[in-house]
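So you can see what is in the structure, the chains are spelled out below.
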Amino acid sequence: QKEVEQNSGPLSVPEGAIASLNCTYSDRGSQSFFWYRQYSGKSPELIMFIYSNGDKEDGRFTAQLNKASQYVSLLIRDSQPSDSATYLCAVGDEKLTFGTGTRLTIIP
Amino acid sequence: EAQVTQNPRYLITVTGKKLTVTCSQNMNHEYMSWYRQDPGLGLRQIYYSMNVEVTDKGDVPEGYKVSRKEKRNFPLILESPSPNQTSLYFCASSLKQGATGELFFGEGSRLTVL
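So the protein sequences, as listed, match chains B and E. Counting from 13, one number per residue, gives the positions in the first sequence under my numbering. Counting from 452, one number per residue, gives the positions in the second sequence under my numbering.
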């Protein structure tokens with residue numbers, strides 16, 4: 013069974029600071045990695061995907077992938093209260109495995 | 452506007468009474484998938500479909516059936532629901548062809564089985 017591990021949090025970060033969310037995965041053959049954001053009572057929403065080692069930036073979000081260490085992270089710069097949500101890491105392709113999520117709270 | 456529509460959004464039923472949760476997408480995408488979300492367990496994949504008439508099991512398929520007779524629809528069938536199937540269910544469709552992990556989720560269906 014493939015596993016995706018995340019620290020459940022809650023992770024509290026001051027407004028304007030950098031939030032760092034981490035995820036490890038067990039299947040060394042995994043090729044595709046995703047970050048979803050889920051607000052309370054809402055459905056997950058894709059915010060980042062990364063397929064190659066290294067960094068990928070999109071606005072205030074940066075996804076980092078290290079396949080050798082089986083580690084993927086999400087950095088949120090200039091954190092805003094609207095970033096307060098649960099962040100889900102997902103790994104795989106047609107069979108996608110999700111972590112249990114990290115709850116992030118941005119403190120004004 | 453891209454949409455994945457699930458019905459019903461809320462349902463309370465009793466053990467053993469067959470039910471179907473419908474899912475329809477308007478993006479003409481081939482890939483669709485069903486997930487259940489439970490506290491502490493996260494999102495777990497039930498079934499997925501790569502195309503019409505092609506379905507496959509996810510991680511937790513027991514007690515569920517699916518069908519994919521046309522591209523836009525992917526219903527989830529609970530033939531004999533049990534209390535351990537009480538959960539929040541999400542249907543999803545891929546955002547673009549070939550990117551089966553880039554998903555667009557429906558609003559969810561909260562099911563309670565008494």
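Worth flagging that the hints you see were computed from the coordinates, not collected in a lab. The beta-carbon is built from N, C-alpha and C at its ideal position, and this holds for glycine as well. Possibly wrong hints are sitting among the right ones.
Label pairs and their in silico Cβ distance ranges [claimed, not checked]:
#	chain 1	residue 1	chain 2	residue 2	range
1	B	Gly71	E	Glu452	19 to 25 Å
2	B	Asp90	E	Thr537	38 to 44 Å
3	B	Lys14	E	Glu530	45 to 51 Å
4	E	Lys522	B	Gly41	45 to 51 Å
- Query: Are Lys14 (chain B) and Glu530 (chain E) spaced within 45 to 51 Å by their CB atoms?
  - Reply: violated, 28 Å
- Indicate whether the distance between the beta carbons of Lys522 (chain E) and Gly41 (chain B) respects the range 45 to 51 Å. This hint is violated: roughly 30 Å between Cβ atoms.
- Outcome of range test on Cβ distance (Asp90 (chain B), Thr537 (chain E); 38 to 44 Å): The hinted range 38 to 44 Å holds for Asp90 (chain B) and Thr537 (chain E), with Cβ atoms some 40 Å apart.
- Message: Quick check on a hinted range of 19 to 25 Å for Gly71 (chain B) and Glu452 (chain E), using CB atoms only.
- Response: With a Cβ separation near 22 Å, Gly71 (chain B) and Glu452 (chain E) satisfy 19 to 25 Å, so the hint holds.
Checked against the numbered hints given earlier, this structure breaks hints 3 and 4; the rest are met.
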